[in-house]
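Residue numbers (the numbering used here): 55 to 137.
A hint or two may mislead.
As the list claims (entries may be wrong) - No farther apart than 25 Å at their CA atoms in a straight line, the calculated lysine-lysine pairs in the BS3-like style are these:
id: 1; residue 1: 128; residue 2: 116
id: 2; residue 1: 129; residue 2: 116
id: 3; residue 1: 108; residue 2: 79
What the hints assert, rightly or not - Pairwise CB distance ranges (calculated):
id: 4; residue 1: 125; residue 2: 93; range: 28 to 34 Å
id: 5; residue 1: 92; residue 2: 61; range: 15 to 21 Å
id: 6; residue 1: 121; residue 2: 58; range: 19 to 25 Å
Simulated from the structure, these hints should not be mistaken for lab results. Note that the Cβ used here is the ideal one computed from N, Cα and C, for glycine as well.
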Amino acid sequence: MSAPSMEERQACWGARDQYWKCLDKHAEDTAECRQIRLTFEARCPQQWVKYFDKRRDYLKYKEQLQEGQYQPPKKTEETATHT
């Protein structure tokens, strides 16, 4: 598999940006952004899609941490009290 061309990379990044904007607009509701997600997956290599998904999760987590809004999952809290 060869590396994506500049045009393919730009198409991928554009699709990613559109998908992320849709998620922002619809409060992370993936059902509302299903068609845009399919375009994103079609225009980007699978490994890139995985990377961008993880990157978005990390950026959202970092944003919540900086704003003091992060709440650890209840399972983590329960596990911590039992050790």
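Hint by hint, here is what the structure shows:
Restraint check for residue 128 and residue 116: satisfied, since their Cα atoms lie roughly 19 Å apart, inside the 25 Å limit. For the given pair, residue 129 sits about 20 Å from residue 116 by alpha-carbon distance, which is consistent with the 25 Å threshold. Restraint check: the Cα-Cα separation between residue 108 and residue 79 comes to about 19 Å, which is no more than 25 Å; the hinted pair holds. Checked against the hint of 28 to 34 Å, the C-beta distance between residue 125 and residue 93 comes to roughly 33 Å, which is consistent with it.
For the pair residue 92 and residue 61, the supplied restraint of 15 to 21 Å holds, since their beta-carbon distance comes to about 20 Å. Our hint of 19 to 25 Å for residue 121 and residue 58 is violated, since their Cβ atoms are close to 35 Å apart.
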